[in-house]
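Peer 1: Sequence:
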Amino acid sequence: MKKFLLTAVAAISMQVAFAQTSAITNAIMYQQKGTLDKAKSEIDKAVVNEKTANNAKAWYYKGVIYMDMANHPVYGKLMDQTEATKQAFEAFSKVPALEANAKKKEFTEESNKRKEILTNNMYALALNAGVEQYNAKKFAEAQKSYMEAINYKPEDTTAYIYAAYAAAGNQDYPAAKKLYNQLVDKNLASASVYSQLLYISANVEKNDKETMAILEKARAKYPNNRDFMLQELDLFIKSGREQESLAKLDAAIAADPKNANLYTVKGNLLERTKKPEDALTAYKKAAELDPTNFDAQYNLGVYYFNKGANLNNKANKMSLAEYQKSGKAVQAEAKKFFVQALPYFEAAHKAQPKDRTTVQSLLKVYTALDRPADAKRMDAILQTL
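Reading the sequence shown from the start, the letters are residues -19 to -1, 1 to 366 in mature numbering (1 follows the signal peptide of the UniProt record, and there is no 0).
These aren't lab readings, by the way, just hints derived from the structure by calculation.
Straight-line alpha carbon distances no greater than 30 Å define the calculated BS3-like cross-link-like pairs of lysine-lysine that follow:
1) Lys295 to Lys265
2) Lys67 to Lys159
3) Lys265 to Lys219
4) Lys316 to Lys357
5) Lys306 to Lys316
6) Lys187 to Lys198
7) Lys134 to Lys167
8) Lys256 to Lys298
9) Lys239 to Lys198
10) Lys255 to Lys266
11) Lys331 to Lys316
12) Lys167 to Lys190
13) Lys316 to Lys266
14) Lys239 to Lys266
15) Lys38 to Lys85
16) Lys309 to Lys345
17) Lys239 to Lys219
18) Lys202 to Lys167
19) Lys125 to Lys67
20) Lys331 to Lys357
21) Lys219 to Lys266
22) Lys67 to Lys158
23) Lys255 to Lys288
24) Lys119 to Lys58
25) Lys38 to Lys75
26) Lys202 to Lys266
27) Lys229 to Lys265
28) Lys331 to Lys345
29) Lys288 to Lys309
30) Lys198 to Lys134
31) Lys298 to Lys255
32) Lys331 to Lys317
33) Lys75 to Lys134
34) Lys96 to Lys67
35) Lys85 to Lys75
Nothing here was measured: the structure is a model prediction, and the numbers come from that model.
Just need the whole structure built from these sequences, with the hints factored in.
Peer 2: This is the structure in structure tokens:
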């Protein structure tokens, strides 16, 4: 009798063990036959069954089946591709830990290989989802998708930048700032990244001290960036440190005397400190060093145009007696300045043909010089901008 009971218990144990693993076996069989819907149903049972929930084989095949479904033209319609890929990735991620203490690691190596493939897929899916959401102005959702992309490829800078843009769009400036600073810390920050950090510190947080600290890093990384130079000048002028700024510029020019940008920035500073003649000299030097320097050419044009415009305004305000006495002479003098302004505006237009302000300036100069055909040409260009 005792012998019979022992045999019966053993038989029941075998049946239970078989039942516990049959879901895995069935899932593999269905997967090999290509009936992925049935394979999914069986493997879903296996990974939640308390007896096989920690079975590396079960999780490995869940990854395989879900990976197959994500890419299948028919069965892929049964489940969202992103969700299927994500679950496959998570399944493969569990395998190494489940086999950590096993003598024979049957599924770890293959799981890692498949996980690597899925990393690229998951990154692309998350990034593309973020782009669609961002374009639809769903900034919070886009931010979440981009952060997922970062988790898959933390070394890739694109997702960081996009996530920061989405965070800013969502007015989550602390998150945007954190992401930009991560790129700075990794020494992967582009000039655009520094510009965004400067925008947050200067315009959102209104923190001049931090703005200056960011500018110091930006200027060290991009010493010839004109925008950073000008922002630094703004802060110096704002804090009454014009002479210090000018001294820094002169030192930079002494070290790099052929850098046209430095002279352009110096001209800008001298204009702001009410020294127009000195600014003119700086702009001329910049244009001499680099005839394609838009800012130098345009500012030279503005200098002479404004002189002519001021004289014209003076003539227009004269009484009849005053005009009869000296009005035409004043207008003739104004015309000389317009003639001087013209080649600079034309050079600026050549450097940046689509700059609307330059085209408008040329339209005014051609009109003042009684050149209707050229004025008409500028007006036509203006309509296209």
